[in-house]
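Student: Sequence:
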Amino acid sequence: MTNLNAVEGLDALTRSLAQRTPEQLAALLTRHAEPLARRPAPTELRGLAQALWSYETLHQLVLHLDHPQIQVLAATARISQERAGRDAPGPAAPAPGADYQSLMAHRLSFAHLATEPVEPEDVFAALGAASPGPARTAAEAALHHLYDDGLAAPAEDGTVVVPPRAPQLLAAHDLGPFLADTPRPAPDDTTTPATPAATIPPTTSPHDESRAAAATLAATVDRLLAALATQPAALRKSGGLAVREIKRLAKAAGATEPHTRLLLDLTLAADLIALTRSPSGITALPTGAYDDWLGRPPGARLAPLLAAWSGLWDIPTHTPFGETPTALVRGHDRHAPALRHALLAALDTVPLGAGAPLPPLPFTEPPEPEAGMRTPWKDLLRAADWHRPLAVTHQPMAGERAAHTLHEATCLGLAAHGTLTPLGRALLADPRSLDEPLADLLPPLLEQAHFQADLTAVVPGRPAAALDALLASAADRESEGHAVTWRFTHRSVRRALDAGHRAETLLEDLTHASATGTLPQPLGYLLQDAARSHGRMRVLPAACCIRSDDEALVEELAAHRALRDLGLRAIAPTVLVSSRPPAATLDALRAAGYAPALESDTGTTTVERLPAHRAKAPAPTRNPHAPLALAHRLLGHPTEPQEAIAAGER
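Numbering (numbering that gives the first Met the number 0), first residue to last: 0 to 649.
Hints in this document: simulated from the structure, not taken from any laboratory. Every value quoted in this text rests on a predicted model; they were computed, and no experiment measured them. Hints are not guaranteed to be accurate.
Quick list of in silico lysine to any residue cross-link-like pairs, SDA-like style, CA-CA up to 20 Å [as the list claims (entries may be wrong)]:
(1) Lys-377 to Thr-573
(2) Lys-246 to Ser-204
(3) Lys-250 to Lys-236
(4) Lys-236 to Arg-222
(5) Lys-250 to Met-396
(6) Lys-246 to Arg-235
(7) Lys-236 to Pro-296
(8) Lys-236 to Ala-218
(9) Lys-377 to Met-396
(10) Lys-246 to Ala-218
(11) Lys-250 to Ser-277
(12) Lys-377 to Thr-363
(13) Lys-246 to Pro-356
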């Protein structure tokens, strides 16, 4: 049976969309980009109206409504369905023992899907907001927000129409009484005398805590991606990284395993790594975008990761009981983005010094307070519920999920001392506009280092990619933090020579990277000494041979006890034969304190380099002008040249 009122409702929504400017319609398309992307792109306004009111799209959109908005939508849907069912009753209930098809046909009958226009005054009266006041103002603002988002439409006679599936979506949720204002997450001492006295204000500001967290995050992600570039991570056949791979990457990044899982999922969502299928299985490795990412300033590096966190369909650090912790698995938690927004919005109202400490992990539900007592944790969840009623306490394991989300926000520099940092407020306002607040947090990369007589190099900040690569090739990293320290040794300099550096060019590059324009004398001596001894012997790839023009050195090697496992035999005064492959022979010689060089079968020195793996770049991101171009096309307006290009790329 056709629901004529539902068709008229789509007509009202289509007329409402047609009255918008291209910019207004583009803003609607941008806000609903994710759920609309799961459907074919509309070719007309009627198709867009049907997409907005489809069950799949509504199922996602209602999660992002705050308390007044969802109360207005639920009240309108309830009144509409009651009137439709009264005016056009559905068929009689099937007889006992009816088959499944008959039961479902009755469940989805006309009376359950019918809609009827509703007067706004009836909605306000149902919410107790009939009289002028804060409640009436909040309800009117919520109704206009539903109009703007296409979740309700004004009919020509001033009544309100809502999607036919709205009653089914919202009937099972107890939304409680209508609240015009958000509850306070930090209770007033005057209203709750039993609340403990205010805590001592913290000694550091949220801005300082955010700066430290952002600096640590930038360094950790840098090390994590470098480790993946050197050795890609293999995924399990069942999906996700094995525990041993997570442990390896956590050690390389200098982070905990939950933090490493979080960063892996964020870098995957930001297209910095990709999953690639090979004959041996699926591996995770950096994409070509990683090379461009290395050349960006620190703030620009973190911006895509934080934006990815705001929309991630998962809580990476939360592993429900009985599940194996893993990473790089497609998330299915569609409530996670709304939960993050709700918690950040609740923290945004907490003044400095009034915030509660984070609940420890693993999370345990705090005991129920005595009658008349309020706990900061319960108050925070209650305030978060107001911002996203269907995504916080209405979900299973609400306390666990919220605790892990807040710990993630703290690690990312978005929250500190129980309140939002300036970076957190910027993310809450617009996840796509983080470059400026991040630039204020993280200073620019440094191009030069301070070389000292004790064979160390200190960078008082974050080194640029070129400086970091130069120092990492010839020195060992000793410390991290506000300053990064490298130490030069015979072994580290030999490593640079093995990788193809010449002593002269290495000395020149290090001098150019010095903040004073000169190098300490001990470092110059170290480079010269390593260069003199480097390559005095040659390892041949014949499983394998060692040759040297220094006959005394050959005799010394043949008699060296530490090299006994190589099974060295002299076949000439200047040649030894090893029973081990070239790589193992090189390692043994270097472990014994010698400085061999690898030689090819043509007699030329072979340059040893660590492998740098890259995955195929992911599909290009959506053009930011595409929503406006689509809006022009749907409204039948001529497009500008730039918008026409964007429309062609869609």
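Student: The structure should be examined with respect to each hint, and the outcome stated for every one.
Tutor: For each hint, the structure was consulted:
For the suggested pair Lys-377 and Thr-573, the alpha carbons sit about 79 Å apart, so the restraint of at most 20 Å is broken. For the hint pairing Lys-246 with Ser-204, the CA-to-CA distance comes to about 33 Å; that exceeds 20 Å, so the pair is violated. For the given pair, Lys-250 sits about 23 Å from Lys-236 by alpha-carbon distance, which is inconsistent with the 20 Å threshold. Proximity of Lys-236 to Arg-222 is assessed by CA-CA distance (about 26 Å); at most 20 Å being required, the pair is judged violated.
For the suggested pair Lys-250 and Met-396, the alpha carbons sit about 30 Å apart, so the restraint of at most 20 Å is broken. Between the alpha carbons of Lys-246 and Arg-235 the distance comes to roughly 15 Å, so the proposed pair stays at or under 20 Å and holds. With a CA separation close to 37 Å, the supplied pair Lys-236 and Pro-296 exceeds the 20 Å bound. Of the supplied pair hints, the one linking Lys-236 and Ala-218 is violated, its CA atoms being roughly 31 Å apart against a limit of 20 Å.
The straight-line distance between the Cα atoms of Lys-377 and Met-396 is roughly 14 Å, inside the 20 Å bound, and the hint therefore holds. A distance of roughly 18 Å separates the Cα atoms of Lys-246 and Ala-218; the hinted pair therefore holds under the 20 Å criterion. Of the pairs offered as hints, the one joining Lys-250 and Ser-277 is violated, with about 26 Å between alpha carbons and a cut-off of 20 Å exceeded. For the hint pairing Lys-377 with Thr-363, the CA-to-CA distance comes to about 13 Å; that is within 20 Å, so the pair holds.
Among the hinted pairs, Lys-246 with Pro-356 is inconsistent with the structure: their alpha-carbon atoms are about 29 Å apart, more than 20 Å.
Against the hints set out earlier in the document, violations occur for numbers 1, 2, 3, 4, 5, 7, 8, 11 and 13.
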